[in-house]
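Residues are numbered in the working numbering as their position in the sequence shown, beginning at 1, plus a constant of 1.
Hints are not guaranteed to be accurate.
Claimed, not checked - Derived DSBU-like pairs (lysine-lysine); straight-line CA-CA distance at most 30 Å:
id	residue 1	residue 2
1	Lys64	Lys37
2	Lys33	Lys45
3	Lys22	Lys64
4	Lys22	Lys37
5	Lys37	Lys86
6	Lys33	Lys86
7	Lys64	Lys45
8	Lys22	Lys33
9	Lys33	Lys64
10	Lys41	Lys64
11	Lys86	Lys64
Hints listed in this document are in silico derivations from the structure and should not be mistaken for laboratory results. Values in this document were obtained by computation on a predicted structure and should not be read as measured data.
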Amino acid sequence: MPNPQDQHILDALYATVAARKGADPDTSYTAKLFAKGTAKIAQKVGEEGVETVIAALAETPEKLASESADLLYHLMVLWADQGVKPQDVWNILAERQGISGIAEKAARTDD
Numbered sequence: 002m003p004n005p006q007d008q009h010i011l012d013a014l015y016a017t018v019a020a021r022k023g024a025d026p027d028t029s030y031t032a033k034l035f036a037k038g039t040a041k042i043a044q045k046v047g048e049e050g051v052e053t054v055i056a057a058l059a060e061t062p063e064k065l066a067s068e069s070a071d072l073l074y075h076l077m078v079l080w081a082d083q084g085v086k087p088q089d090v091w092n093i094l095a096e097r098q099g100i101s102g103i104a105e106k107a108a109r110t111d112d
């Protein structure tokens, strides 16, 4: 059974990430990413996504979990950079819950 506190870890991570926006890049890796701009942050998300796929195909479940954590962290940095809050994403996921993936994708107008 999951620990109820675990359900809030992503919100806590986001708060930490967002607090680093505008901080001294010499004191924080997250602040350094923000200072490098959206393109660099997006590049890191892509790199971590590829590493996650590689781990899924050729590594252990532990390595996949580790790469997934890296991907989630960099995704949070991108969200904070773009002003997207986790609740925005949770709301979309909640709206989609219980809807067939095929029906949901067909209903999208932005794809």
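Now the hints, each set against the structure:
A distance of roughly 28 Å separates the Cα atoms of Lys64 and Lys37; the hinted pair therefore holds under the 30 Å criterion. Under the criterion of a C-alpha separation no larger than 30 Å, the hint pairing Lys33 with Lys45 is consistent with the structure, at around 12 Å. Among the hinted pairs, Lys22 with Lys64 is consistent with the structure: their alpha-carbon atoms are about 29 Å apart, no more than 30 Å. Of the supplied pair hints, the one linking Lys22 and Lys37 holds, its CA atoms being roughly 11 Å apart against a limit of 30 Å.
Restraint check: the Cα-Cα separation between Lys37 and Lys86 comes to about 20 Å, which is no more than 30 Å; the hinted pair holds. Using a Cα cut-off of 30 Å, the hinted pair Lys33 and Lys86 holds, with the two alpha carbons roughly 20 Å apart. Annotation: proposed proximity of Lys64 to Lys45 holds, straight-line Cα distance about 18 Å (limit 30 Å). Among the hinted pairs, Lys22 with Lys33 is consistent with the structure: their alpha-carbon atoms are about 9 Å apart, no more than 30 Å.
Taking the CA atoms of Lys33 and Lys64, the gap is near 25 Å; set against the 30 Å cutoff, the hint holds. A threshold of 30 Å between alpha carbons decides the hint, and for Lys41 with Lys64 the separation of about 24 Å falls inside it, so the pair holds. Restraint check: the Cα-Cα separation between Lys86 and Lys64 comes to about 27 Å, which is no more than 30 Å; the hinted pair holds.
The structure shown violates none of the earlier numbered hints.
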